[in-house]
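Assemble the whole structure, with the sequences as input and the hints as a guide.
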Amino acid sequence: MARFLLARLVQSLVTLLFLSVVIFALARATGDPLTLVLPMVATEEDFANARRELGLDRPLPVQYAKFVGRLLVGDFGTSIRSRRPVNELLAERLPPSLALAGFSMVVSLALAVPLGVLAAARKGTAVDSAAKVVAALGQSLPTFWVGIVLIEVVAGRLQWLPAGGDGTLAHYVLPGFTLGWFVIAGLMRLLRSSMLESLGAEYVTTARAKGATEAAVVWRHALRNALIPVVTFAGVYLAILVTAAIVVETVFAWPGMGRLAYEAITGRDFPVIQAVVLVTAMLVVVVNLAVDLACAWIDPRIRLHGRP
Amino acid sequence: MKRPPVLPALVVAGFVLLALGAELVTPADPYEQSLRARFTPPAWEAGGTRAHPLGTDRLGRDLLARIIFGARVSLAAGVLAVLLAGLVGAAVGLVAGYHRGRLGALLMRVTDATLSFPIILLALVLAVTVGPSFGNVVLAIAVVLWARYARVIHGEVVALMERDFIAQARVTGCSPWRIILVHLFPNTLNTLLVLLSLQIGYVIIVEASLSFLGAGIPPPTPAWGSMVAEGREFVTSAWWVSFFPGLAILLVVLAFNLLGDWLRDTLDPKLRHL
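The listed protein sequences correspond, in order, to chains A and B. Quick note: the first sequence uses this note's numbering, first residue 1, plus one each step. Quick note: the second sequence uses this note's numbering, first residue 309, plus one each step.
Hints listed in this document are in silico derivations from the structure and should not be mistaken for laboratory results. Be aware that one or more of the hints could be misleading.
[Said to hold, decoys possible] Listed below are several chain B residues computed to face chain A (Cβ distance under 7 Å; list not exhaustive):
1. Arg366
2. Leu367
3. Ala421
4. Thr544
5. Ser545
6. Val561
7. Leu562
8. Leu567
Note that the structure is predicted; figures quoted are calculated from it, not measured. Glycine included, C-beta positions come from ideal geometry on N, C-alpha and C.
Here it is, written out as structure tokens:
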């Protein structure tokens, strides 16, 4: 187990290092950010001064080394656009994003688990057909369009819920649902197929033979084993949520990391781009690591052979 | 075997024909502006005209014509990005699966690093980095997408390598390239085909999202994502401008996904987790 843990840890670090190089290189390739920051009338001298002030005149490897050195002590530098420390921006934008993603995940699980289980337990019935429609739509609806339609219909015409901004729980409903839609469909599909598999397994027959009620067979014996692939995919779904958050937060004017990423990319704000992408990647890597460890803990085949 | 999905196949075929023959079927020039015809509603609404069946946008351009020409952009981007990613991913997966040593390990580490990356975020950074254009959007999507193919094909190849026919090929003196191209590659084609078909819809959505965020195909070229974005501000007074391009995305992606599902169930049921 210790060996497995160490190997995964090293692998995660290598992934992060690789990403930091890619991000650094890409951010530097986005063109000169100063043309966006300085006024039109700025002279050559103004440019040179600003470049020196922001450290953009140094050789690239030096800039990268300084960048990694600062990262290690948790300093992401200063935003080129707002001239504020990136840490401050992150501290401001991360909590709303996490709150929205958390809300979305809870709603997704609350809807996807019962629907997926029932679809498998009552295969071929109306519940199963409904689940199929949800799954097909979930993977085909463009998030940004769903957001716009929901804002117009639910918030605009019907005036049932607020469209943007955060505050009360009501503010979470529309963006949370828009964000979770894809995950609901994916989780449900995954759970349905793994439930079908475990419902056909021998231990389910054994449970039935012992005289367990149908509810106990489905919700206790089968569901527990069917959840393993769902746990495995948690990291993938997190990455999907983070990705969808860029679009959803932009549409709903949600003051989170997604919108920060969008603003930073369109404004060529290097330090912010780097910080947002790295924090996001770190989040995904950490969750993937946790998921792998959880799976290894649940399933001895993984920790012994490295694969199920 | 499941019933073949006739309706989705027809929808896909319909959109492909529209995209190919856009000039022949379009009711109007998709670029022609007319300030007097701005925000004409669809024909069946009060104030709509037959001349603009789905209405017009902010610049008075015919919406139906733009959606038809937009099909060309969306389908081409989807097909090209998926093919490019599939080609690179399959190559990496085959080589990494054959050379299980350092090279294979290195390739799979890079694959995992790419996989743990939020796809739109990187595509967005890339699209902005290299500048928005059709080719760059396709490239940006492919740069992130290849890793999924590499992962799945790698798994497949690792399993194939244990089989007798590979050992026999080795014993008879086949070169590594011959084994990869002649013995391994054809055996991964089913999987590759299923993956390709399942990913087209996803790629169309990614391209539309990038265009929506302003990092995709630049205006005035009609792309469904940027059309939705253009209509966003006016959604209360002119809902159709955003609604119909989005509906087109939904239809075409849904049709591709249903086709892909059927193909998977028919060719390779063990891939159902994809």
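Inset, instruction - For the hint on valine 561 of chain B, just tell me whether its beta-carbon gets within less than 7 Å of chain A. - result: holds, 4 Å
Inset, instruction - Please verify that hint: arginine 366 of chain B, Cβ, nearest Cβ of chain A, below 7 Å or not. - result: Result: violated, 15 Å to nearest chain A Cβ.
Legend entry - When the least beta-carbon distance from leucine 562 of chain B to chain A is tested against 7 Å, hint result: holds, 4 Å
Legend entry - Restraint outcome when alanine 421 of chain B is required to lie within 7 Å of chain A by C-beta distance: With a closest approach of 4 Å, the alanine 421 of chain B hint holds.
Legend entry - leucine 567 of chain B as chain A interface residue, shortest Cβ-Cβ below 7 Å: violated, 11 Å
Inset, instruction - Closer than 7 Å between Cβ atoms is the bar; does serine 545 of chain B clear it against chain A? Give me holds or violated. - result: violated, 11 Å
Inset, instruction - Identify whether the interface hint at leucine 367 of chain B stands, where standing means a beta carbon of chain A within less than 7 Å of its own. - result: With a minimum Cβ separation of about 19 Å from chain A (threshold 7 Å), the hint on leucine 367 of chain B is violated.
Legend entry - threonine 544 of chain B as chain A interface residue, shortest Cβ-Cβ below 7 Å: holds, 6 Å
Of the numbered hints given earlier, the model fails hints 1, 2, 5, 8; all others are met.
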